[in-house]
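Asks: Single-letter residue listing:
Protein chains: 2
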Amino acid sequence: MKQLKNRNPAVPGFKAAGLDCGIKNDNIKDLALIISEVPAAAAAVFTKNRVVSPGVTWSRRALAKSGSCRAVIVNSGNANAVTGAKGLKDCDAITKKVAAELGIPQKEVFIASTGIIGVPLPSEKILKATPKLVSKLGKSANCWTDASEAIMTTDLISKSDRISYSFKGQRIVLGGITKGSGMIHPNMATMLGFIFTDAVIDSKTLKKALTEAADRSFNRITVDGDNSTNDCVAILANGKAKNAPIKSGTPAYREFLKALTKLCKNLASKIVLDGEGATKFVTVRVQGGKTRKQAYLIANSVATSSLVKTALFGEDPNWGRIFCAVGNAGTPFNPDKVDILLNKNLLLKNGSPTNLSQKKLEKVMKQHEIDITIDLKCGKEWEEVLTCDLSYDYVKINAEYTT
Amino acid sequence: MKQLKNRNPAVPGFKAAGLDCGIKNDNIKDLALIISEVPAAAAAVFTKNRVVSPGVTWSRRALAKSGSCRAVIVNSGNANAVTGAKGLKDCDAITKKVAAELGIPQKEVFIASTGIIGVPLPSEKILKATPKLVSKLGKSANCWTDASEAIMTTDLISKSDRISYSFKGQRIVLGGITKGSGMIHPNMATMLGFIFTDAVIDSKTLKKALTEAADRSFNRITVDGDNSTNDCVAILANGKAKNAPIKSGTPAYREFLKALTKLCKNLASKIVLDGEGATKFVTVRVQGGKTRKQAYLIANSVATSSLVKTALFGEDPNWGRIFCAVGNAGTPFNPDKVDILLNKNLLLKNGSPTNLSQKKLEKVMKQHEIDITIDLKCGKEWEEVLTCDLSYDYVKINAEYTT
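Taken in sequence, the protein lines are chains A and B. One point on numbering: in my numbering, the residue at position 243 of the first sequence is 243, and numbering is uninterrupted. One point on numbering: in my numbering, the residue at position 167 of the second sequence is 167, and numbering is uninterrupted.
Simulated from the structure, these hints should not be mistaken for laboratory data. Do not take every clue at face value.
It does not matter which identical chain is used: a pair holds within one copy or between any two.
Cross-link-like lysine-lysine pairs, in silico, PhoX-like; alpha carbons within 25 Å at most [said to hold, decoys possible]:
1. 396 to 366
2. 337 to 86
3. 5 to 265
4. 136 to 15
Could you build the full structure based on these sequences and the hints that come with them?
Replies: Next comes the structure, spelled out in structure tokens:
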């Protein structure tokens with residue numbers, strides 16, 4: 001499938017490095033480090049799964065204590081999840097080592113992992129590689145590519161983006177890297193995202209902005225409907241732009257949120273475009289909702305329906321499955337008011353089929369980007385969920401690997 | 001996959017017939033009629049989808065009015081769903097015709113449909129075939145097979161069962177036919193079930209028993225997590241057994257409920273065994289729950305996880321995906337107390353992996369029947385959800401057909 005262009009995510013005052021420390025076979029990069037040269041405000045959002053990796057527990061605690069962060073260490077190939085007491089000890093040892101090598105407080109190190117679960121993390125490999133990783137920070141033109149490659153699992157391509165804007169003459173830069181939510185070879189979906197900005201903004205406001213942006217982007221994508229034990233998105237703001245501090249509810253905040261949301265949405269779209277086995281990029285938009293929750297439940301029901309997703313893969317203009325998934329969302333609405341559009345073609349009006357020709361419909365279904373719009377016509381709220389189709393390759397990737 | 005044996009579902013005082021009325025191509029049976037020779041108490045449970053077929057609307061209303069039913073008319077090949085005003089008119093015309101041919105009140109006819117949605121029902125074919133269908137009632141040794149075949153869609157085999165028991169010297173018989181929840185070629189999942197008994201029991205008590213039995217059977221199976229516009233299970237009790245009326249809360253009720261639940265569970269298991277593309281029969285049991293709801297949410301999360309289902313298809317002993325799905329159920333529990341067993345082999349104890357050998361695990365995964373037991377160890381409630389794996393054939397069946 002056509003991919004979105006990767007932009008170099010470099011942001012003033014941040015440095016990156018990535019290398020192969022030996023967790024994965026075949027000399028594939030599996031360890032990334034990103035640091036801020038100066039103290040940075042930080043915030044993060046984590047998985048809603050009740051089973052979380054020790055890395056999530058560690059990072060959540062550290063952020064709660066400090067509200068700031070200087071370094072992000074991430075390994076791929078092993079999720080360090082369901083690893084008993086050793087898991088948290090490994091997090092402690094690694095963050096301690098990174099802190100020592102960088103000369104920063106341990107609580108300012110954020111740690112994340114992705115890969116197989118239930119297998120003890122070979123932390124000795126990470127500890128051994130840390131000095132070399134630190135020495136490589138920002139030393140090569142490819143350092144951001146190295147870092148974004150080192151967090152990949154079943155991702156086919158690395159994912160990064162950058163955006164900048166000016167507010168009252170001040171230029172602010174935001175950059176980010178992410179990895180996919182298609183399930184991880186050989187285990188499960190993990191979505192990781194790391195965002196960096198030179199804006200001056202405190203950690204509380206940063207958390208608010210990240211939460212809002214994630215709810216319009218990372219929390220609105222679905223490849224297979226699963227939340228992993230390790231999902232997280234973190235943001236660091238190092239203040240190098242020297243703008244007037246961004247305060248919640250101000251025009252400066254709204255501009256920042258707009259840029260952050262756009263960056264997050266671009267990164268999230270890259271995940272869907274690289275979804276396991278995906279051949280279609282699908283936007284499910286529910287509009288005319290009474291509440292955002294109603295709109296979200298319906299959009300999510302359509303976007304996670306195996307029936308809808310296999311029909312999209314088969315290019316079968318089967319709008320009945322879409323309407324059925326709308327009805328299955330577990331939220332009330334009036335079926336006799338619903339309109340459904342497929343790439344702007346009206347399929348269903350007030351709950352009844354239109355006489356759109358089968359030929360026209362088949363042509364629409366052959367496109368790579370499919371927009372499904374569902375208008376409930378009972379209010380003004382909307383939600384969008386991005387997804388992909390369900391293909392043979394999805395089953396292949398997830399069934400054929402034997403641990 | 002190995003199937004459960006079909007038993008002849010004949011029950012004293014009921015007659016059946018099935019034929020090809022021309023909705024489907026290739027002379028495949030698509031119209032069934034089952035009648036009770038005498039008035040019968042009746043009850044039904046319907047889909048929770050907010051979009052329902054006119055047949056569901058019609059039958060729900062008729063049952064609410066009368067509480068009794070003499071005839072059940074069912075067509076396959078066309079779901080008569082999302083068919084606008086014509087849909088309800090068709091139900092009216094068909095039930096009127098069936099009532100006239102049988103000499104019974106129209107409100108005592110139950111109607112159900114399954115098949116493609118969004119296409120007007122060719123009701124004239126049903127109307128034309130009704131006299132012949134009525135004349136065939138009970139006339140051949142195969143009449144119950146004819147009826148159970150006539151309600152099939154993507155089902156590979158017809159499904160019926162029968163059970164009898166004695167209570168205080170009185171023999172009571174229950175029989176039933178059902179069709180599958182694997183999505184219907186070319187459209188969506190519809191599960192239909194029709195149960196007949198000669199017990200003396202009023203419609204209110206019958207409704208209570210059916211609701212309880214369905215919550216341990218038909219409502220606890222999942223092939224792809226979708227609820228169709230047409231799902232229903234109906235039960236007719238004609239009193240031919242002349243037992244003392246079964247009243248709620250009595251030993252007689254408990255015996256009846258036990259038999260009904262067993263029958264429903266057998267029929268529901270047949271649906272899973274014949275699930276689209278299924279190669280494994282999977283029972284997800286959550287025990288030690290604080291509430292039934294908690295146990296159900298967790299069992300359902302595991303049973304509907306695409307990650308778990310593809311791992312089962314691939315015979316990958318990937319218990320991490322199971323634990324992840326447990327955590328994803330959206331209900332609180334203590335991860336450090338959870339045990340997980342696979343066909344009685346302990347995989348996870350108190351949230352940590354046991355050292356069960358990989359070889360042993362691989363052997364377990366090769367079996368056709370997989371029991372996943374999750375013990376929350378925080379109470380006494382339990383729930384079981386039956387499911388199957390997610391295979392290439394599931395995607396093939398649901399993607400390759402183009403309407």
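Asks: Among all the numbered hints in the text so far, which are the ones the structure does not match?
Replies: Of the numbered hints given earlier, the structure breaks none, since each of them holds.
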